[in-house]
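Use these hints to put chain W onto chain F, whose structure you have.
So the sequence lines, in the order shown, correspond to chains F and W. Every number in my numbering is 3 more than the matching position in the first sequence, counting from 1. Every number in my numbering is 3 more than the matching position in the second sequence, counting from 1.
Keep in mind that the hints were calculated from the coordinates and are not lab data. Be aware that a few hints might be false.
Intra- or inter-copy, both count: the list cannot distinguish identical chains.
What the hints assert, rightly or not - In the DSBU-like style, the derived pairs of lysine-lysine whose C-alpha atoms are separated by at most 35 Å in a straight line are:
1) Lys170 <-> Lys270
2) Lys331 <-> Lys214
3) Lys538 <-> Lys309
4) Lys214 <-> Lys266
5) Lys443 <-> Lys170
6) Lys88 <-> Lys117
7) Lys117 <-> Lys538
8) Lys571 <-> Lys270
9) Lys35 <-> Lys214
10) Lys214 <-> Lys270
2 protein chains.
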Amino acid sequence: MQKRQQEKDSSTAQSVMATILQSIPKEAQVSKIDYEGPRIALYTRSPSFLMENNQIVSDLVNVIKKRIVVRTEESIRKNEDDARKIIAEALPKEAELGGTYFDTATGEVSVEVKRPWLLQNNPEFNSAKLTEQMGWRIRIRKATIIQSSTIQQINYNLKLSSSERSKQLKQIGESIFRPRLAQRSEVSLMTLGGFGQVGRSSMILTTPESKILIDCGVNPGARSPSEAFPRLDWANITLDELDAIVIGHAHLDHTGFLPVLCKYGYKGPIYCTEPTLPMMNLIQLDAIRVAAAQGRAPLYAERDVKQIMRQTITIPYGTVTDIAPDIKLVFSNAGHILGSATCHFHIGNGDHNFVYTGDIKFGKSILFDSASWNYPRVETLLIESTYGAREDIQPTRQEVESAFINAVNNTLVDGGKVLIPIPAVGRAQEILMVIDHYMKAGQMVEAPVFTEGMISEATAIHEAYPEYLARELRQKILETDDNPFDSEYFTNIEHSDAREEPLRDNTPCIILATSGMLEGGPVLEYFRNIAPGNKNKIIFVSYQVNGTLGRRVLDGSKQVSLLGKDGKVEVVNVNCSMIKLDGFSGHSDFNQLMSFVHKLRPKLRRVLVNHGERRKCESLAMNIRRQFRVPAHYPQVQEAIRLF
Amino acid sequence: MQKRQQEKDSSTAQSVMATILQSIPKEAQVSKIDYEGPRIALYTRSPSFLMENNQIVSDLVNVIKKRIVVRTEESIRKNEDDARKIIAEALPKEAELGGTYFDTATGEVSVEVKRPWLLQNNPEFNSAKLTEQMGWRIRIRKATIIQSSTIQQINYNLKLSSSERSKQLKQIGESIFRPRLAQRSEVSLMTLGGFGQVGRSSMILTTPESKILIDCGVNPGARSPSEAFPRLDWANITLDELDAIVIGHAHLDHTGFLPVLCKYGYKGPIYCTEPTLPMMNLIQLDAIRVAAAQGRAPLYAERDVKQIMRQTITIPYGTVTDIAPDIKLVFSNAGHILGSATCHFHIGNGDHNFVYTGDIKFGKSILFDSASWNYPRVETLLIESTYGAREDIQPTRQEVESAFINAVNNTLVDGGKVLIPIPAVGRAQEILMVIDHYMKAGQMVEAPVFTEGMISEATAIHEAYPEYLARELRQKILETDDNPFDSEYFTNIEHSDAREEPLRDNTPCIILATSGMLEGGPVLEYFRNIAPGNKNKIIFVSYQVNGTLGRRVLDGSKQVSLLGKDGKVEVVNVNCSMIKLDGFSGHSDFNQLMSFVHKLRPKLRRVLVNHGERRKCESLAMNIRRQFRVPAHYPQVQEAIRLF
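Okay, chain F solo, but in the shape it has when bound (with noise of 0.2 Å):
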């Protein structure tokens, strides 16, 4: 008790303060201490000093618990041109210099190159001198085939927006340390959507303190607004209330409602890692076309999904992250998607601590390594159960991979063509690393491999953050000339004009194009002329949803019909062969959600059991508690549970 009261009371404002300017030397020529939203940011007149003598920080951080950024002092930052000519002339030229990027919120550049490799352990390269010269502080990135145009609006955007930013972070960080009111801890969860059920995951996270809404999901297929959108109705808060919130990964179920709380006035700070942010701007800006494509009034508009990257704080995964003054975030690779991440909140000083697992693969896949699950502590676990049924048994990686191989090859010998509908994001870069794979290995037929679709847009910020892949990818594309997404392989088709190519008669090829269950999309132009070649195939990878047409061609149907581009009904008549394969799926099955409960039985007192329908949900809790003998339950929405 007494060791808590002397953690709290070193953790105030004042104190912290006090012990910043103690224990930093005048030589590092710190000019201002300020928040920078949950960071404390020194600014210099030297940067070199307390990057070439870091340890003076990080002794600094395990006292005061909180991060720290070196940040150069305004005064000492060169206008981009000649800051960009001093990278130019400090790199070494084979290294190639690619964009650049100048962040005036925070004096960071960011740097990209096509060969990053060559500037790590290199002598010559030294970045602290290098920010002393230019005054802005450098971060090497590696330079991408494709030039993510999501990106570059994002960065566009964080450019126009600097000067709000500044303040907003420095408000965000005096909220976060605002001193603790309460004295103990207590910790509720209240279920806003996606508890016994798939679709609009989003909860509320309270403590006396704080309110954190992790989630933010919808529901694309409910029928009315109750259904479809998180119960922010029920929890009876004004978006004022919250924190924070916290976004796990990109899909539209866990982050379709975010740009909604924008639009009605959400100020405060939305925490997911550095690829969630492209990612899910790409998908919140792709739903606003299907649902003007639908004919449907769309939720919100551009500029709610702009507003989002002026209020997103990245975290990389595993750094500890203050987000309330009694909530610390960390988060972990969950192995779903690119940045997906499982979120391990800490709270109070260590009175409880809560893992939210959101979509998570506990198995190695080409793109990502398998799901972390070394939490130091974890008391009540929150765990998805898309396949939580006990016979929701995948088959192994090798065995769907094998029976891709052979189903691809087959057709290709046989100088068919492969039709793959598929979702743009992660599956589709999944399945192009087997191919790439495979094909360079010899093991399958090569063939060139069209993409169509929002595919290359997902795969260019793929290649982005290498950091967030599997290691033995990310090391291809970090320290080899070897990449993957730059596959000789791949061909995008950019424009609909292009698509003569992979349709031309008796040229064996692969085609991926989206929708994944045949909705809509560029994926019907190639399905009208591939369908009826019994030398062809389509493969599906994904799950094909009762009433869409995907299933109806699954099922068997040799006559389809279409709404053709003038309007009038065509009908398809279907002769191709076709074959599902699980087993690519981003989700865990039943065995891999077990696995990963069993390795964290240790430390947990409670699990709960959302993301699923609900007798996936039952089913999960109760082998959960008969074989690990810890209780475990399925809220359902508008519930709240007290975790603490």
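Relative to chain F, chain W alone:
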């Protein structure tokens, strides 16, 4: 669905008014239709027509499904003096007219009469004619032997606030009968106190339309505010968001925080049964005195208790009352204390029925009938569990009564005195009835019975509401001159000087005095005198909490120290005998709780357990699950449970 739509339409404000206007004949001379809280008031210049043709109103109630009251137009009301003269002339002399109380907010006159049975089926007493004559609706009440000063205070306050209340009742009505916004019903229960614990009972029933606070108690034993009071802070609502407060019974652990809500600006209606209002006022005012005596700052002042009187709408048992656009409330006898009620909430158009037992006695006592259980429908039951463990079995009434008789007789025959430390409300009246019954029957040695403290005031309130007493007792009071409350054995000690009589040497007698655990109050003065005498006896009939003087004495201490009047510590030798009797409890024992659930079993979908220590809740829930195969849970404080 269509039927429901129709029902909904016919209940909108406009159609209600239209229906009334069409159904009321001209002869009724209705000149105004207005809301009066949850009722619709028809103001007439000729009240006798609707009173004599009461079929018209009951037909109308069946159509509009709302309560209707007939009120006299203000212009026809005679002044109070003239009206009283008319009453005096109309009543038979032998009925003995007592006080009259005119409520200008409702145009009702309460007439106290010593022998009300003389007016029943008396052709000479025509209340419709009398109402027509004086312009006030007449309500006959039994005149009590002792005047309850609490009830007089309430009447005085209602008179002072009558014009304010008229306006307020209209506003409440408009709020209750506002149009429903949501199509579907959704029901959640938020637990604010009294779950997994005894004390600070409180919860909020929420639907998309409305929020009802049920009970608002304190936990007097708790150390910190976060454990002592309902967690309205956690529920995150403001007081003006509440549609209503519903109070089940008067005890402090269900009402002790209510004055604080009024203090901080709650302006809405408070619903309880008729006797619960004076009972809770008495108890709430006493709590101020107790706090002052113990040197603590009271939570609220007398004016806050007065404010409660003005906002309370009393409802008799069995009357269906709209309290929100989508919620109807019915109180039924809970058998626990005077006016104690189980609360039945009928939500939506029958979408869900929720019954909260409050403190419940499912077993007959002399004062009260056994709790009602015959609800037309109940899907969710919330039941208390004070004695919820399997081993919590009380002796039968017969056993405890004969033990009591023996204990008293032995001492009285021996020439000793019997001291019964007792809580003022409920248990004291029960013991008085037992004594009167057995003394009259010749089974108990006749001796004077002295009462002290608030007991006499509480007894007066019991006498004022004979409708709420057990059938036999009620009949005695309402239909005969044999009124057990007016027993010749009883003497109330109004002032401490009068204690000489009960304390006189060698005078066998029985003394009932507060408090029940020897923690303070007049009982200590008697204890000091009676404990040293080895012929005397102390009978404990209520639970003695650990650490109280009562518990120490019961555990066999032969010497105890008291703080004397002069502030000096005084040592008291305990030579008298003592006995503890269970079975007079106002709570159901384990078997009675199970029997109650058994009665409801065919209707139930789910049982929730509260108001018991955690292991009592757990035990009762488990036994209900096992024996009745119905889901049963025991939530904690600060949870929300989706009921529908």
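If the cut is 35 Å between Cα atoms, do Lys35 and Lys214 qualify within a copy, between copies, both or neither?
Cα proximity of Lys35 and Lys214: one copy only (31 Å, versus 50 Å across).
**Prompt:** Between copies, within a copy, both or neither: which fits Lys571 and Lys270 at Cα up to 35 Å?
**Reply:** neither (47 Å within a copy, 64 Å between copies)
(request) Could you place Lys214 and Lys266 in one of the four classes (within, between, both, neither) given a Cα distance threshold of 35 Å? (result) both (20 Å within a copy, 28 Å between copies)
Quiz item: Given a CA cutoff of 35 Å, do Lys88 and Lys117 count as a within-copy pair, a between-copy pair, both, or neither?
Solution: within (17 Å within a copy, 106 Å between copies)
Within a copy, between copies, both or neither: where do Lys170 and Lys270 come within 35 Å Cα-Cα? within (12 Å within a copy, 41 Å between copies)
Between copies, within a copy, both or neither: which fits Lys538 and Lys309 at Cα up to 35 Å? For Lys538 and Lys309, the Cα distance exceeds 35 Å both inside one copy (46 Å) and across copies (89 Å).
Given identical chains, is Lys214 near Lys270, meaning Cα to Cα at most 35 Å, within a copy, between copies, both, or neither? both (14 Å within a copy, 28 Å between copies)
As a check of your reading, is Lys117 near Lys538 (CA-CA no more than 35 Å) within one copy, between copies, both or neither? neither (41 Å within a copy, 103 Å between copies)
Check: Should Lys443 paired with Lys170 be assigned to within, between, both, or neither, using CA atoms and 35 Å as the limit?
Finding: neither (51 Å within a copy, 85 Å between copies)
Quiz item: Is it within, between, both, or neither for Lys331 and Lys214, if the alpha carbons may be no more than 35 Å apart?
Solution: both (13 Å within a copy, 33 Å between copies)
The structure fails hints 3, 5, 7, 8 (numbered hints given earlier, in ascending order).
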